[in-house]
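Chains D and H, in that order, are what the protein sequence lines are.
Position 302, counted from 1, in the first sequence is what this note's numbering calls 302; the numbers after and before it change by one each time, with no gaps.
Position 99, counted from 1, in the second sequence is what this note's numbering calls 99; the numbers after and before it change by one each time, with no gaps.
Keep in mind that the hints are not guaranteed to be accurate.
Stated by the list, open to error - Pairs of lysine-lysine residues, derived as BS3-like cross-links and limited to a Cα-Cα distance of at most 25 Å, are as follows:
#1 Lys109/D <-> Lys73/D
#2 Lys215/H <-> Lys101/D
#3 Lys109/D <-> Lys61/D
#4 Lys104/D <-> Lys73/D
#5 Lys73/D <-> Lys117/H
#6 Lys74/D <-> Lys117/H
#7 Lys91/D <-> Lys10/D
#8 Lys215/H <-> Lys91/D
#9 Lys215/H <-> Lys104/D
#10 Lys74/D <-> Lys61/D
#11 Lys10/D <-> Lys109/D
#12 Lys74/D <-> Lys101/D
#13 Lys215/H <-> Lys153/D
#14 Lys153/D <-> Lys74/D
#15 Lys153/D <-> Lys167/D
#16 Lys215/H <-> Lys117/H
#17 Lys109/D <-> Lys91/D
#18 Lys61/D <-> Lys91/D
Because the hints were derived from the structure by calculation, they are not lab data.
Nothing here was measured: the structure is a model prediction, and the numbers come from that model.
In case you want the letters, here they are:
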Amino acid sequence: MASVTIDSVKKRFGRNEVLHCIDLAIEDSEFVVLVGPSGCGKSTLLRMIAGLEEVTEGQIKINDQVVNNIPPKKRDIAMVFQNYALYPHMKVFDNMAFSLKLQKMSARKIREQVEKSAEILGLTDYLDRYPRQLSGGQRQRVAMGRAIVRSPKVFLFDEPLSNLDAKLRVQMRTEIKTLHFQLSTTSIYVTHDQIEAMTMADRIVVMHDGWIEQVGTPLELYDFPANRFVAGFIGSPAMNFLEGTIVGDSGACAVELADSTRLPLPDSWTVEHGRRVVYGIRPEHLSLAQENGGIGAKVVVVEPTGSETLIISEIAGMKLHAVFRERHSFRQKDTIFLQPTPSKTHLFDAQTGNVIEGNSI
Amino acid sequence: MAQQTQSAVVPPKITFWERFENNRNLLGLFLMLPTAALLVTFLAYPLGLGVWLGLTDTTIGREGVFIGLENYKWLFADSVFWLSVFNTFLYTTVASTIKFGLGLWLALILNQHIPFKSLIRAIILLPWIVPTVLSAVAFWWIYDSQFSIISWSLMKLGFIDQYINFLGEKNNARAAVIIANIWRGVPFVAISLLAGLQTISPILYEAATLDGANKWQQFRHVTLPMLTPIISVVMTFSVLFTFTDFQLIYVLTRGGPINATHLMATLSFQRAIPGGHLGEGAAIAVAMIPFLLAAILFSYFGLQRRAWQQGGGH
Ligand SMILES: Nc1ncnc2c1ncn2[C@@H]1O[C@H](COP(=O)(O)OP(=O)(O)OP(=O)(O)O)[C@@H](O)[C@H]1O
Ligand SMILES: [Mg+2]
Numbered sequence: 001m002a003s004v005t006i007d008s009v010k011k012r013f014g015r016n017e018v019l020h021c022i023d024l025a026i027e028d029s030e031f032v033v034l035v036g037p038s039g040c041g042k043s044t045l046l047r048m049i050a051g052l053e054e055v056t057e058g059q060i061k062i063n064d065q066v067v068n069n070i071p072p073k074k075r076d077i078a079m080v081f082q083n084y085a086l087y088p089h090m091k092v093f094d095n096m097a098f099s100l101k102l103q104k105m106s107a108r109k110i111r112e113q114v115e116k117s118a119e120i121l122g123l124t125d126y127l128d129r130y131p132r133q134l135s136g137g138q139r140q141r142v143a144m145g146r147a148i149v150r151s152p153k154v155f156l157f158d159e160p161l162s163n164l165d166a167k168l169r170v171q172m173r174t175e176i177k178t179l180h181f182q183l184s185t186t187s188i189y190v191t192h193d194q195i196e197a198m199t200m201a202d203r204i205v206v207m208h209d210g211w212i213e214q215v216g217t218p219l220e221l222y223d224f225p226a227n228r229f230v231a232g233f234i235g236s237p238a239m240n241f242l243e244g245t246i247v248g249d250s251g252a253c254a255v256e257l258a259d260s261t262r263l264p265l266p267d268s269w270t271v272e273h274g275r276r277v278v279y280g281i282r283p284e285h286l287s288l289a290q291e292n293g294g295i296g297a298k299v300v301v302v303e304p305t306g307s308e309t310l311i312i313s314e315i316a317g318m319k320l321h322a323v324f325r326e327r328h329s330f331r332q333k334d335t336i337f338l339q340p341t342p343s344k345t346h347l348f349d350a351q352t353g354n355v356i357e358g359n360s361i
Numbered sequence: 001m002a003q004q005t006q007s008a009v010v011p012p013k014i015t016f017w018e019r020f021e022n023n024r025n026l027l028g029l030f031l032m033l034p035t036a037a038l039l040v041t042f043l044a045y046p047l048g049l050g051v052w053l054g055l056t057d058t059t060i061g062r063e064g065v066f067i068g069l070e071n072y073k074w075l076f077a078d079s080v081f082w083l084s085v086f087n088t089f090l091y092t093t094v095a096s097t098i099k100f101g102l103g104l105w106l107a108l109i110l111n112q113h114i115p116f117k118s119l120i121r122a123i124i125l126l127p128w129i130v131p132t133v134l135s136a137v138a139f140w141w142i143y144d145s146q147f148s149i150i151s152w153s154l155m156k157l158g159f160i161d162q163y164i165n166f167l168g169e170k171n172n173a174r175a176a177v178i179i180a181n182i183w184r185g186v187p188f189v190a191i192s193l194l195a196g197l198q199t200i201s202p203i204l205y206e207a208a209t210l211d212g213a214n215k216w217q218q219f220r221h222v223t224l225p226m227l228t229p230i231i232s233v234v235m236t237f238s239v240l241f242t243f244t245d246f247q248l249i250y251v252l253t254r255g256g257p258i259n260a261t262h263l264m265a266t267l268s269f270q271r272a273i274p275g276g277h278l279g280e281g282a283a284i285a286v287a288m289i290p291f292l293l294a295a296i297l298f299s300y301f302g303l304q305r306r307a308w309q310q311g312g313g314h
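Turn these sequences into a full structure, and let the hints steer you where they fit.
See the structure below:
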């Protein structure tokens with residue numbers, strides 16, 4: 001059991017700075033997911049925590065002990081790699097037992113531990129096989145078995161599910177979560193899949209270009225994104241962004257688009273007249289309105305998925321996605337009228353992308 | 001309908017040519033003929049001729065007659081032959097062991113991140129690229145009893161006060177030819193093992209690091225087991241090359257002094273061509289076959305896919 005603190009950490013490869021001043025406090029037995037687009041530095045951060053990569057500046061602490069100069073083996077951390085990194089020449093049992101053998105644990109104790117972990121992961125029947133004789137999902141489980149068998153202080157996962165097919169990924173997601181309930185070991189999980197992040201995390205850390213954009217629970221990030229990047233990254237299908245200008249003062253503000261369509265803002269909001277903004281609304285927060293009751297948009301595509309209907313339409317040259325629980329059979333170029341739920345709208349500064357609080361001038 | 005019935009009753013005529021074209025075995029046999037002819041001409045015939053010569057008393061210029069195992073009986077009692085067997089084993093064992101050790105060591109170093117890596121790799125390959133005779137001549141100069149650069153340097157440094165007789169003294173000569181062979185053979189081992197090392201994913205080492213393995217344990221539990229298939233191929237070839245070595249010895253010592261560096265290959269040549277006794281020379285060469293077969297069998301079992309390798313049996 002351990003907490004992990006990352007204190008103003010920077011990472012440079014040569015002159016190229018890939019992580020700029022990362023601050024993060026992870027509590028004991030928390031499940032934290034690092035999410036962000038490819039190349040944002042998630043793996044690098046994880047590898048620094050593991051000790052596989054040096055820290056250029058700042059401190060990493062495990063249980064208040066600075067570990068910057070402590071070698072990986074002394075950090076008591078286990079990592080699950082994207083392509084499993086199983087030892088191909090060792091049977092499943094030996095793969096799992098390797099770290100215990102290196103600790104000079106007695107053979108009887110090793111067998112006990114490995115069998116216990118294998119039991120938890122449903123690997124009991126496979127202990128005698130070589131990695132190549134296992135399916136992807138089973139290999140993934142062995143990789144996790146190798147991590148849990150020595151009860152480390154922290155688990156690190158680097159995109160452990162990205163080599164699995166969609167169905168298995170959903171199943172393993174649940175299994176990892178269940179495992180975390182059972183063991184409550186502090187876990188740091190890297191993924192670029194926001195659905196994985198949303199479903200598994202106690203807290204999500206959204207990263208972008210070497211910066212932390214926002215930290216919060218899944219629903220905090222969904223409901224109150226701090227900036228346009230987080231708003232667009234969290235949630236699927238992604239939030240709609242419409243660029244426009246604020247019109248009207250105190251009381252009845254609205255966002256005016258290029259074609260002078262007006263998007264209403266909540267009554268209580270006051271934003272300075274003439275400010276360039278980005279209006280954000282999630283596809284699920286648009287409803288169909290009667291003729292002239294909402295914003296007129298031209299249908300581009302209708303994508304029914306059975307449980308939902310996704311309608312992609314166009315307004316002022318910008319695409320607008322809307323999701324409905326009901327079925328609709330609009331045709332291309334039909335005009336539909338969409339009504340945004342005012343309380344669910346988001347407003348971002350056009351330049352900085354930061355969220356504009358409703359009552360800030 | 002009518003047509004169908006008809007074709008079912010009367011089997012269609014198949015010409016010989018059609019049958020030939022559709023029969024895998026027949027066609028396969030036919031397609032193998034050219035290769036088989038080549039193999040017979042260039043491998044089986046000389047080998048068979050050698051074995052046959054070994055059973056005759058052929059000398060240069062005179063067709064021999066079949067004398068059964070007489071040559072072998074004669075060799076069995078010949079102390080020079082046994083000395084050459086001993087020399088061959090000494091040469092092969094010592095040179096191959098050191099080549100393996102040095103080669104592995106070099107490969108491990110070259111697999112690290114070091115500056116000028118590709119240049120160093122190229123330099124290491126040099127001894128192997130130079131024609132054997134050329135490098136043998138170079139060594140001949142290095143070992144020369146009057147012009148040896150080693151003797152000269154040691155003398156200037158004050159370690160010795162008399163030139164070393166590298167090739168004229170029994171054990172010196174043995175050490176000298178072994179060193180020359182090692183110098184030539186190490187690049188092959190090093191570069192092949194390096195190729196093997198490069199196939200081992202670096203992530204395995206990271207995983208092992210996190211599992212708590214130090215450098216030695218990583219080598220012992222990850223590198224070595226994953227390298228064994230390559231090691232067995234490389235070492236089989238290395239042993240075969242060393243066991244049958246001829247050029248180096250022939251240029252450096254011609255088997256001397258007093259047969260101290262005669263290998264089976266050089267003795268065979270010596271007896272057959274300069275000595276004129278083709279039958280006896282052939283018999284010595286044939287006597288190498290069991291040892292070579294043993295080496296090949298060893299590699300055959302060493303090479304068998306290990307259960308953990310892709311595509312191997314369970
Ligand atoms: N060893 C290295 N040397 C130089 N640059 C590196 C090295 N490792 C990573 N980088 C750079 O650091 C940045 C972050 O890489 P990192 O692997 O952490 O990304 P990531 O967020 O894990 O991306 P992905 O989702 O694709 O795995 C990238 O721009 C990458 O090019
Ligand atoms: Mg990564």
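Hints, one by one, checked against the model:
| no. | hint | in the structure |
| --- | --- | --- |
| 1 | Lys109/D <-> Lys73/D | 20 Å, holds |
| 2 | Lys215/H <-> Lys101/D | 16 Å, holds |
| 3 | Lys109/D <-> Lys61/D | 31 Å, violated |
| 4 | Lys104/D <-> Lys73/D | 14 Å, holds |
| 5 | Lys73/D <-> Lys117/H | 29 Å, violated |
| 6 | Lys74/D <-> Lys117/H | 32 Å, violated |
| 7 | Lys91/D <-> Lys10/D | 39 Å, violated |
| 8 | Lys215/H <-> Lys91/D | 22 Å, holds |
| 9 | Lys215/H <-> Lys104/D | 17 Å, holds |
| 10 | Lys74/D <-> Lys61/D | 13 Å, holds |
| 11 | Lys10/D <-> Lys109/D | 41 Å, violated |
| 12 | Lys74/D <-> Lys101/D | 16 Å, holds |
| 13 | Lys215/H <-> Lys153/D | 23 Å, holds |
| 14 | Lys153/D <-> Lys74/D | 11 Å, holds |
| 15 | Lys153/D <-> Lys167/D | 30 Å, violated |
| 16 | Lys215/H <-> Lys117/H | 21 Å, holds |
| 17 | Lys109/D <-> Lys91/D | 18 Å, holds |
| 18 | Lys61/D <-> Lys91/D | 35 Å, violated |
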